[in-house]
Structures are given as C-alpha cells and as structure tokens.
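Peer 1: Letter by letter, the chains look like this.
There are 4 protein chains.
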Amino acid sequence: MGLVNHVFSEDSLKKLYVSNLGIGHTRYSTSGVSVLDNCQPFVVETLHGKIAVAHNGELTNAMRLRRKLMRHGVGLSTSSDSELITQLLAFTPPLEQDDTPDWVARIKNLMNETPTSYSLLMMHKDIIYAVRDPYGNRPLCIGRLVPVGDINGKGKNNAATEGWVVSSESCSFLSIGAEYYREVMPGEIVKISRYDVQTLDIVPRPQGDPAAFCIFEYVYFARPDSIFEGQMVYSVRRRCGQQLAIEAPVEADLVSTVPESATPAALGYAQKCGLPYVEVLCKNRYVGRTFIQPNMRLRQLGVAKKFGVLSDNFKGKRVVLIDDSIVRGNTISPIIKLLRESGAKEVHIRVASPPIKFPCYMGINIPTKEELIANRPEFKDLAGYIGADSVVYLSVEGLVSSVQESIKARQDHENNLKTNKFKSGKIGHCTACLVGVYPVELEW
Amino acid sequence: MGLVNHVFSEDSLKKLYVSNLGIGHTRYSTSGVSVLDNCQPFVVETLHGKIAVAHNGELTNAMRLRRKLMRHGVGLSTSSDSELITQLLAFTPPLEQDDTPDWVARIKNLMNETPTSYSLLMMHKDIIYAVRDPYGNRPLCIGRLVPVGDINGKGKNNAATEGWVVSSESCSFLSIGAEYYREVMPGEIVKISRYDVQTLDIVPRPQGDPAAFCIFEYVYFARPDSIFEGQMVYSVRRRCGQQLAIEAPVEADLVSTVPESATPAALGYAQKCGLPYVEVLCKNRYVGRTFIQPNMRLRQLGVAKKFGVLSDNFKGKRVVLIDDSIVRGNTISPIIKLLRESGAKEVHIRVASPPIKFPCYMGINIPTKEELIANRPEFKDLAGYIGADSVVYLSVEGLVSSVQESIKARQDHENNLKTNKFKSGKIGHCTACLVGVYPVELEW
Amino acid sequence: MGLVNHVFSEDSLKKLYVSNLGIGHTRYSTSGVSVLDNCQPFVVETLHGKIAVAHNGELTNAMRLRRKLMRHGVGLSTSSDSELITQLLAFTPPLEQDDTPDWVARIKNLMNETPTSYSLLMMHKDIIYAVRDPYGNRPLCIGRLVPVGDINGKGKNNAATEGWVVSSESCSFLSIGAEYYREVMPGEIVKISRYDVQTLDIVPRPQGDPAAFCIFEYVYFARPDSIFEGQMVYSVRRRCGQQLAIEAPVEADLVSTVPESATPAALGYAQKCGLPYVEVLCKNRYVGRTFIQPNMRLRQLGVAKKFGVLSDNFKGKRVVLIDDSIVRGNTISPIIKLLRESGAKEVHIRVASPPIKFPCYMGINIPTKEELIANRPEFKDLAGYIGADSVVYLSVEGLVSSVQESIKARQDHENNLKTNKFKSGKIGHCTACLVGVYPVELEW
Amino acid sequence: MGLVNHVFSEDSLKKLYVSNLGIGHTRYSTSGVSVLDNCQPFVVETLHGKIAVAHNGELTNAMRLRRKLMRHGVGLSTSSDSELITQLLAFTPPLEQDDTPDWVARIKNLMNETPTSYSLLMMHKDIIYAVRDPYGNRPLCIGRLVPVGDINGKGKNNAATEGWVVSSESCSFLSIGAEYYREVMPGEIVKISRYDVQTLDIVPRPQGDPAAFCIFEYVYFARPDSIFEGQMVYSVRRRCGQQLAIEAPVEADLVSTVPESATPAALGYAQKCGLPYVEVLCKNRYVGRTFIQPNMRLRQLGVAKKFGVLSDNFKGKRVVLIDDSIVRGNTISPIIKLLRESGAKEVHIRVASPPIKFPCYMGINIPTKEELIANRPEFKDLAGYIGADSVVYLSVEGLVSSVQESIKARQDHENNLKTNKFKSGKIGHCTACLVGVYPVELEW
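Protein chains in written order, with the UniProt record's numbering: chain A, 1 to 444; chain B, 1 to 444; chain C, 1 to 444; chain D, 1 to 444.
For the record, the hints were derived by calculation from the structure and aren't laboratory data. Treat the hints loosely; a few may be bogus.
Listed below are the simulated EDC-like cross-link pairs for lysine to aspartate or glutamate, each with C-alpha atoms no more than 16 Å apart in a straight line [claimed, not checked]: (1) A/Lys283 <-> C/Glu260; (2) C/Lys283 <-> A/Glu260; (3) B/Lys68 <-> A/Asp99; (4) D/Lys50 <-> D/Asp102; (5) D/Lys315 <-> D/Glu378; (6) D/Lys68 <-> C/Glu260; (7) A/Lys68 <-> B/Asp99; (8) D/Lys357 <-> D/Glu378.
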C-alpha cells in the first residue's frame, strides 16, 4: 500500500528480475477507504495451483454474487469485487475433471454471472488471460516489447517481439520500451503465452446492446497520448475544443487553459476561433492532481497552491479560459478570482465536456449527487456563482460526436475480425454520468 | 508483522479503547517464513457477518483438509492452518437454516474433522468461543479481570468480575490486572459472553486415549509463574532438579545455573544435594533468547554475546551446571569453555529434561533430526564433545513423574465436573519428541 | 533531510503554529553529497543568545576563510559555507561591548570578508536580517502577507499587511497568501521586525563593478511566474524565443516545445515566425526533473520515461523543436529519435540560451567541463550527433539583450532610492558559465 | 539517535569493516531531552584535520567554560558538555606551532580548565587518546583483543594482542572477544596507537584530595561482572548483603531478591544469616529497566508489568526481600502488596545501599530532591508507607567498607607505578548523593 515508488524498492524489484511473467495493479483509493486487504493482485491457491487476479472496474451485481458465494460456504476476507472474481474463478464447475481445469469455461462462467464492469488479468502457471467485459466499459490494451537498442529503441518497428504487456492505458508502453499492439475487444478472452497472443473467444452482449466504453476516459482520466478505439485521446480533446468553439464562441482577446489537462481543448478552441493561445497560469509542480485528494478542505487549500499566475500575459485583456470539466465548481472559482485580481478584464469559461449529474456504478469515483454543481441551485446562475462573465458547457451530442467521429481504425479492425468469426458488435459509449441511462440494469 | 511494541502504537491502541471485546495473536516465526498473510486473527465475512479466528497449534491432517476445501471451490489465500480452520467454520452445514448459524455445531464439526492440535478463539458479534482440542495438546486458560484499585489491585480476590480474558499462558494475566480463573479443558467448548463463561460441550477423545498436553511447555516454553493443570511451572522445574539430583549426583563444590530458565532446577538440585547454590554467569540483558534466532551462525555468535562471567565466584572450584535442555549441543559447549578458561576446576553438566530425538508435528518448531545432538554420533561421548567432565540427562520417567506427581487440583476439578456431566478424561502428556510415539496417527 | 512533504509532518508543523517568526531552507543536493550536517538553518548559541542562519550561494573564498577561522581556534563541524558564515557572525568584533551585540557591524564585517555569493537570512531574537551580497548573484525578494479572506484573498491589494516573508523566488508567495513587495537589492542589509521592513545599509561593490545576477536563473532555474529585477521570468523567456526566431529562422510546418520549461520560448518563436504552435510531447507526470537526478545512467533512463508522444499531431510534418538549454546533449538526442520514429519528417532544434562552457563557483551545480557538450569534439557537428536536421543556440548577446531590455522598473526603483542615499549601482549579469569571465577573482 | 540495534544496520556496519580504529558512544537520555545534536562522538575540523571526541560525565564548571568560549567568538551548536570539550581541544594554544599540534598539551590544558567529571576518548588521525579526570569520577578501562579461535577463544590468555579497546565497563569486552587489561587511572592520559598503549602523563589532584570514583557504579549502574579498582562488582554487592545481614538481621523463613540486580546481595544476606534463598518473583523479560522510563506514570504502570509472582514458593512464609536501592519508594511498594496478596505472611525489606538524599552534578541522573523518598515526610515511617513489616538501609560506613575492603590489586598497581614516577594518589569514593559532600567546589 502506498505510492509505487515507495512500495517497490530496488531490493524488492531485484527479486522479480528472475521472472518472465507477472501481473500488478495500481489504483486510486476511489472508494474512500485504503486498506491493505484490497490491494491487488489477489492470489489464492486452488486445487490446480495458485491463481492471481488483477481487476479494474466494479461489478454491478456484486452484492448478489457475494451472498451466493457465502451461501456456498466461502468466507470472504475483503470487501473487494476483485476477491469475488478470484473466488468465482477458483470454483470448480460441476463437469470439470479434477486434474484438468478448464479456465476458459470458468472465465465464461464468470462473464455469464456478471455483465460489467471489469477488465481483468488472470495468471495461472505460465499463462496470462486478459479479459474485458462484454460492454467494454473499462479499457484494456496489449503492447509488444521490442529490443531497446540504444537509448530509445531505434528501428523499433521492425524489431522482433520480445514479449507482451497488457495495460489499461497504452501510454504506459513507451516508458518500458514497448509499442502499442491492439485493444482487447469488448467481451474478448485473450490467452497470452510464451509463444503468442491468441483470442480464445468473444462473449457477446445481449441482442442489440451497443458497447459502453466509459466516455469520461476521453474527457478526464486518460493521458493524452493514450489510444482508445484507434484514436489518440489528445485528438478527441482537441476536437471537443473545436466543437465547443462552434457551439459557444465569445468575443475576447485570447484563449487560455487550466493547465495541463485542458490544453488540447484550448488549442482546438483557439484555432477554430482565430484567437491567440496564451498561457495565463503555470503549474506549481510540487502539488498533485485535485481528484486524488480525499476531502473538501484539502481540495480548497490545494487550489490556492496549485498555480502560479503569469499576469503580464493577460493584464487588461478579455480571457476565454477552457477547462476540461467542472464537477463541483470549487476549483474554477478561485482561479477566476486569481485572474481578475491579476488584471484580467473579462473571464469567460468554456468547458470541454457536459455537466456530470449522475452517479457511476462501474468503478469511477464520482462525487455524491449533492456535491455535483449541476444538481445544485447555484447551477441556474453558474457564471454568477463562480464569478465568470459567462460559462458554457459542451453538449452531450457534441461530446459524443467528437468521440465517435473518427473511430475508423476500430471499424476496420472489426471487419478484419469477421473473417475470424469474432465480432465485438455495435460501437457505443457509456454516458450514464451525464444522462442517467446505464448500460445494464443495476442490481443490489 | 513485527514486535508487538512496534505494531501497536499508542494511536492504533486508542482506536481499540471504544471496544469491549476482541482477540489477538502473537507468535514466533516457527516455520521459518514470516509473512504478513499468516498474521492472525483471520477475519472473513460469512452469510452471518464477520467471524475472526486466532489459533495456536498445527493440524496433523492439514493437507487432507486443504484439498477437501479446495475441491469444494474455496480458494485459499495462505498456507496457514488457521485460515483452514476459519474457512471450515465459515462453511454452512447442510441442515443449518440460512438465518440462524449454529456455531457450536460448526465447531464440533471442525473438531470431528481434525483431532489435534489447536487451542483457538472464535469471535462472532458479541460472543467469543474458546476451544481446546480433545487431546489438550496446546494450553488455554481463562482469567478474570478485577478492578485495578490503586497500583496493584489491593483486595483483588474479593472484587467484582469486570471481564474475562483467555490466554495460552496464565502469566499474562497479572500484567493486565487479571487473575487466573481456570483452564479450558481438553475438548471443551467455552462460550464467553457479556454475562458469563459457560461450558457448551466437551468433545471426548476416542475411547481410552489419554490427554496429550505438550510436556515441553513445562520444560522449556512456559514462563515459570504460569499454571498448567493446577500446578505452577516453577514447582515442576524445581522437582525436575530434585529428581535429577537423585538420578545423577556428583561430588562437587557448588551448583549453578545457565540463567535464567534453569534456575528453578538448579536450586532444586542444590537443595537436594546439600551443595551451595552460586551464580557463575550473568545475563547480558541486551541479547534475546537463543531459540528465537533463525540460523546456526547467529546462534553461535549469540552464545558469545549472551553472558558475563562471574569468575571470582568459582575460580578453582568444581562446578555442577544445570541446564534446562540440551538440544543441539552448541550452546552449552562454549559456556563450559568459558567457565574453564575463567578458572573452573571441573564442570559437570546435569540436564533437567531428557534428550529430544523426534520431530513435532503439533506446532513446536524442533530442529531437524540431523541437528538434534541426541541423533548424532557425538552423542555417544557427549561429555567429551561438549568439553564437560560429565553430563547426564533427566530420564523420561523422571520427567513424567515430576510433572504428574501433583496434578491433584486438576483431578478435583474433574470430579466436580462429573456432576456437570462433562468429563475431560484420563491425564496424559505428549512426549512424542522424546520417545517418538504420537498421540494421534499422522496424515499427509 | 528529505523531501519537504516528508520532513514536515502535520505534527511537526503544529509545533510551529505558536511562533510568529522563523526561517527555513530547502535545496537540491547540488554538491553530490546529501548529509544531515549540511541541513540548514544553522543554529549556534552566542554570548547574546542563539542565532540562526539560512544561506543560498557559495563563497568564492571559502577555503581561505575556513583556515582563518580554524586558526582562531574554532572547530568546524561541517563542510558547509553556511556554517562558516554562521561562525563569522558569532564572532565578537574587538570593539563591541559584551552586552550589546552590533549585528549590522558584524554583517558588514562578513561582507568585507567575502564578496559573493550569498543571499542569507539571519534570525536573532525577534529580528530577521535579510542580506544579499554586493554583486547580487543569488536572488532574494520580500513579500507581504495579506489576509486570506475567502479562498483566494479577494481584495488582497488594499488589505492591511499581516506580516512579511522573504524568499529566493517570488513564485512562492502566492501559495501562502502573500504578494510580491520588492527585491532585496545587491549589497542591501534589510532588517525585518514586527513593525516594518527597513534598509539598514547598502554595501557597495568595488568602484565600477556592475552587478552580477546569475543569468541562468532566467534561462533555467526560476519558475516562469517569478519576478526578478522588475520583470516576469516568463516574459524574458518568450523574448528569448522571439530573438531566436530572428537569429535562426527555419522553413517548417510547426513549432513545438520540450515541455514544460521551453514553452514560453516556443510560443515566442512561433508567434515571431508565424508558424502554428503544436504540442508533440506530453509529460509523464510521475517522473521528476532531469537536473535533479544525480548520475548519468539515471538521466538516460529518465529520458525514456519522461514523455508521451502525441504522434498524430506531427506525422509527416517538419518540426521546429525549442529547448531551453542543451547542456550535455543526452536529453535532446532520444527525443529527436522518438519524434522521427513517430513520423516527424524533419526535426530542427532551436535552443533558447547559449551553450554552457565553464564551471560555476557561485552555487550552481554545473556538470564537469568534460561532460558539457559545448566542450566536446561532437559539438562541431552537433546536429549530426544528436540526430537533428539543424541545431542553433541563442547568442550570448541575444540572451543578454532579452534579459536587460526591459529592466526599467528596476531603474526607477534605483532612482527613487537615490534620495535615500542608497544605491545599488550598475546593472549587470553573471554570464561566467557562458563566457568564462567571473564577477570576482576566485580564491582557493 | 535510537537504540544501537536500530541505528547500526548491517549496511551501516559494513562501511566500518574497512577501518581499523574508531570511537563510539551510547547513553541513556539522562537529562530528559533526547536530541540528535547531543549525539556523540562530536567531530570537528581543525587546522590539523578532524578530531572526534566521545565523553562520559558532566563538567562541574560547564557554564563558566561556555561563556568563556563564546566570548572568544565560538558559536556553540548544542547544549552538550561534550561539544564544549571538543571546542576546547580544537583551540590552538598561544605557543603552539601551526603545523605541529601538541595534543597532550591541549588535553592537559583542558584538564586544568575543568577538574571533573569526564572520561573521554579523542581520536586524531591514527591515534586515540583515553583520558580520565584527576578525580576518576567516571570509570574507564582498557581491554586487549585476542584471536577468537573457535567459538570462544580457547587459549585466549596466551594469545597475541590483536588490538586494544577502551570502555567504561569491562563487561563489554567478553562479547567482542577481548579481555580485561587494566583501568585508566584517575588523571591519566593514555595514548593508544597501532603499536602500544602508553601512559603520557598523570595529572595530579590538588594536594591531599582523595580520588572520587562514583560509588553508585558499584551499587546500581554497573553490570555485576564488571571490574572496577581490581574487584568484581558482584563481589562488592555480595559483601554489601553480608554487611547488611550483620547490621540488620531479621527472624524469617526465607530470603529473596528483587530480580535481578539485588540477587548478589540477597545471596550474601542469606548465606550470612543461614536462611534459605528462595525466588519469589520472576522477571517479565519483555519490559525494560525502571530507570530508563522517563516519567512517573510510566514507572507506575511499568511496575505492574515487570514481574510474575511465584506464589507457591512463599505462601504462608515470612519473607526478607533484599533490594539494591530504594530511591523514590514507588517500585517496592507495589511489590510488597503483590507478595502479601499472594500469601506472604510477613515482608521485611533490607536495602543493600544507603538512602539517596542529594543531587549529583557529575553525570548521574538523580531524581529531584522532592522525589527522593529519603527527603520526604513519609520517610519517618517508611515501613508503614511502603507496606512492609520492617525496612532497613545499609549504612554509609557499611557501604564504603564493603567497597574499599579489598582494593588491593589497585594498591599494588600504584606501587608498581611509583617506579614510573606516575602516581594516582589516595583512594576514595564520591558519596555526594548520600552525604552531600562533593569532591570539588561546584561552579555556575
């Protein structure tokens, strides 16, 4: 438990050098309570040896599954969905022989028990299985390790494959000398062995259901150089900025960003409008991201410490400030005050995503309904409340079209796969937190 | 994981002040590997809420039980017998109703599955169950908390009961302001609630089997002020010394001890012989007990650092040195050299217990057969090997009679219990490590 | 010793809440060896009570001063210049009365003993003295604490002064609710008391010597929102980019930056050229700044982990990449490779500062002469060596003019001070690491 | 700072393996405040290289020396007497040449400045100087390293010398494979080099003053196997017990000890009286020594946790309990209660040292005058206050004669030294804490 840098000392890493496969896991403490028991991967001994499971997501029918498992006589050590998954995989199905576990059958059995949301890795002996739920709610992709060569792997593209890596986000590949290979498709069960990466099956969604990849990965969570559904997140964010410029233009002197996550949208907005892009804030690099901090008070203090003001750049000017999202409204408000006190003549806020209004039950830690600014009375006069001259959010349609416009590589991939008799089905995105419609019925 | 002093900070203890019941566990890393996963108590969630289990001992049929449980579909997180016990207790027996767990039935079911060795506590809601296996191999006793009064609880004996505590050794009671109440009997299931301590059942041993309390608790492990079977450990050890004086007298000038565990036996020996009791060594109090140190090399270094020599006390004298046990023979040898180099004229070793020759499968960490001095060729001329003028061990019969001679309080207790229709059966002790006969058949 | 976050726990900070003045110190381990003994502030007891000293800089005649002090009979506990300064201040000058220490005389005595480089704070009882060496080599400035009000100090500018803060960089003021007040001038001795900030004296430089503020603070070290000599660092850096566009234009499709320190220069370059500004790299925010890492190997590994590539933004394009400095040449080289492998058609490097060629003896940790790329044979064909299509550095004259162009506020301040009979003298900057001419003669 | 076990990890010790001389220091936090700054050895750089000083004791004129040093212009970093000594040794005397420090002259100069109390080691280059103040108030002795041979250095006495060690207490020698060589005499300056141990000088006391070795080292502090003034501490303590039996006999059934420090006196008392020696308490080995714990409350709690009761050994009996000292009276009182509650018929306390009544200014941490039981009204009826049937202390004369009776080896050594023209003078002991007469006049 703790930061990766602290947990993995040089000594503990040395012990891993003798290995040639492994799985790991990092996560925010999204559910408020960080406890050692919920650390992953989960490792249990079964009749066929140890299995280890790492999981990203949240099961929409976890409570029912827990009761079922406990009724069978399994005592659960933690409150984690991931232990639940691990115990379900440890279960011997009735027809399985004692000496030959059928892991694919067990994984499919798990996928029948729970539709979403999970991207998971299971390791048993010298095999790793990578699985994405049929709705593809959480991301998962595969990278190819290539020889490092001199410093940065010159001639990487033609190099022999030295191994495979699986990750939620492709941005992690570069820093370990790997390159992006492809996504794991919604419902896909991939078997990774010493020899190859092999699709064992694609479990379909119920008739007609579109996929439901979390749209907020594009808006907020992912690093801009990550690739989802064949497109770079940075490009989607810039398109959101361009779309926002079409939906909500404003007469001003300059366009700027709340660094750094809103920068692609701000550059897109500036280019579409023909206004100059200028920096008004610089980051105080010793302070972390707002989302990580666990309570209201720390968030407020944090804001005052997050930025430096580049006042000479905007004194006496009308500023359009692009933000990637306004969730609670308490981050943007002090920024606007800072800019005004430092000489901004006008401050117009344009938000490159729609307002969040509904809870997420699929693994994203969204503030409570009461904390969401879009559900509060102040939302009626949001500009007044946050002290802006105007404020406009991107429309849901604008966001969805910015995201889906160029998912072509994905479609091509699908078409190729038809010949393999595997098919991931209709494209779609989960916008539940924006519109309140969930991809599957929720169970308690 | 770590020393109690380090693990329980003042802060972590403060969190416990609001509670009024709890269980805990400490142990040596007897099996060589200290891992966090094996820390106790084990806590699992069942259909009826959480249960917590703390356990002392080792199951003689653990491997068979593990396979049985895994075949049922339970993935085991650790290699610990205690998790095994916990999962067996989490199991819903076929006829039990969903909403009313029958813990006594479950505990008896566990006791049917495995005969020995375990003393255990199970906590569920506001009840703690204390259980000792039918052979009574590991100790377990109950204490009564009384008001502390001024510093040391004046008038304690007449005071109202403020609570109950259960412990392996009664010596722990004094330091928390409790007093010894009674032993948990072999096979007994005790229910401890807010209101009282109640015997629920006593599970009998197979016909005719005597109890099998570990005789080495008397010889080596227990603190001298602990009470087992109605007698103080110190008294047993002194009797061993007296018996040893009868079995193996020697012409000498003084009797001394390897401090501090052999002191009761040395005083008993000296008194029986009529020789003066004199100290020849003093402990270096910054060095721990030999048994805890994990490898041969540290043991050897440790010996050199353990003692100071009180040479003026024995220069030119013939010394009888009493030790509580000689297990490997590498501790006593450098002590004898020290004494000789510091002026002892003769050094005769008398050991207040018989030689250990066989492994223990019931929870005690005995060195491998090859490490035991009694199994090695040097044993034939042990005096020569360790550099003593003579060396004699106590006989097995002498030890058993020293232990059993005064178990009268115990018998009386038994007799009283007859009226309660509970009966713990024939007295007996496990001497397996001395004679190679185990109380139950071993399974793999 | 350690990161500020680790060293100052909430508990240790609570102890400071009762205080109303204090000094502290943070620094990189520039001289290679981090030792506790060199931690600041230095505190010693003198005949007049304790004094505490925090110091930034490096004395050019430290060795001679150390010998002098030791000859007088002072044993020095550390290798630190700051202890040297502290002991020099503890010294009773011959004419001083026993009961009334003349701190100003002592500080002036210190300034006579050593010309540069030091910015320092000395605390004695309820007074803090802020001192900058006559050459003004290291920065030092004063901020004014104002009431925080609601989150970000609304109406700050008119607010009453609540206290004073002194810092190397003004960027630190915002995050503690203070605002920039003014610089400490070269040679100035400022007394800060409960009541006011008062100039006690300005110690002049030798006849005709210009000031020698470190020009690399503008180029590399300072945060862009800091103010030196009346101007914002960001503006200087943007002017460097504009100047670079004039000195070294290139035919290309887009201008980009090595984030984030080169961004102001890149925006300046892009604007001057009329080329679009586009992001090609994104920072991996979990990896620190190159300069901090202590050895060559870590620097090389670090590069591979520092960035993500936004390949869709520049595939098939000709890129002008602006960097703030090229010191060793091993950081930019892998970046160029990354861009080429990700599809850049051409990569032209423009560096917004001149090459570093000489060591610094005034507190900046410059690599050894052999490590500096500008002193190595590869420098003759630098473009070839680093794999760029072209590479051009900013000229020294271009840098100096970009820095000095707008130091007007400073001049005005000087003029005002004339009436106070205090004068800081001729403007100037230390460019020793670029041209090899040092502001004072070096002593050993 | 911290326990030796924690401070010296295997890694930190490895760094020392390349060295062949060194000095170290451990101590209780006697003066209440443990601060890193007071950790020893003190190391300072002088004109002639580094010197390191480790010191045991407390200067009786420290305040005057501090003022003198600060007046000369030395800023002192700590409140430690040891830094004071170090800076005094760093001082260049007027007639000393720059390039040849005369350390002996400097040490003698230090000894002229301050009469007592200090035993100290000073290391410079490849020489260690061992110095004991003229009054010999704190102990210091020399040991000889011999080859370890097999486990415990067989044939040690004839072995070649492999090196020299210096220590406050000889008990430390055995555990590192060294043997006792001799004491450093009061006032002696010993030079230890690669080649030999050499007496450089013996600084005499003022005419007629006897030595003043701390008598409480015999009574309480030293380990029983340590040797002071040619005699084993254990033997002195046993003589104190015998003397006590003569001074204060009692009609009883058995004699016992407060383990473990009073055991030699108890055995001496029992032997002299002809009563049996029996153990009534056993130590709880997980709790430390009372003296170390820093405040009243912890001491009280500590008492309850320190012992186990061996009640079967004394039920219905009249007990004489020997303690080594009664300082505050709060330790013995709960012990007496414990014994009575556990069945003792009578409890008579005999204390093997006289009551402490006065503060120590020479390095021993004595409770405040108000805390000392001998200065409080309860002392008039001490038996009643502590709950004993009777209580008698050893007389001061009895203690002094028990200590001085056999200091013969010492006298012989003196006589030998006469031929060397060195002489340590009249034997004597500091009994200031018992009688209020200090060996030197105290200065402030």
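Peer 1: Keeping to a limit of 16 Å between CA atoms, is the pair of A/Lys68 and B/Asp99 held or broken?
Peer 2: 14 Å, holds
Peer 1: Please work out if D/Lys68 and C/Glu260 have their alpha carbons no farther apart than 16 Å.
Peer 2: Measuring from Cα to Cα gives roughly 56 Å; hence the hint is violated.
Peer 1: Is the straight-line distance between the alpha-carbon of D/Lys357 and that of D/Glu378 16 Å or less?
Peer 2: Given that 16 Å is the threshold and the Cα spacing comes to 14 Å, the pair holds.
Peer 1: Within a Cα-Cα threshold of 16 Å, do D/Lys315 and D/Glu378 meet the stated pairing?
Peer 2: 29 Å, violated
Peer 1: Decide if the proposed pair is consistent with the structure: D/Lys50 and D/Asp102, CA atoms, cutoff 16 Å inclusive.
Peer 2: Holds, at about 14 Å.
Peer 1: Hey, C/Lys283 versus A/Glu260, does the alpha-carbon distance stay inside 16 Å?
Peer 2: 10 Å, holds
Peer 1: Is B/Lys68 within 16 Å of A/Asp99, Cα to Cα?
Peer 2: 14 Å, holds
Peer 1: Quickly compare the C-alpha distance for A/Lys283 and C/Glu260 to 16 Å and report which way the hint goes.
Peer 2: OK: A/Lys283 and C/Glu260 at ~10 Å, within 16 Å.
The structure fails to meet hints 5, 6 from the earlier list, while all remaining hints are met.
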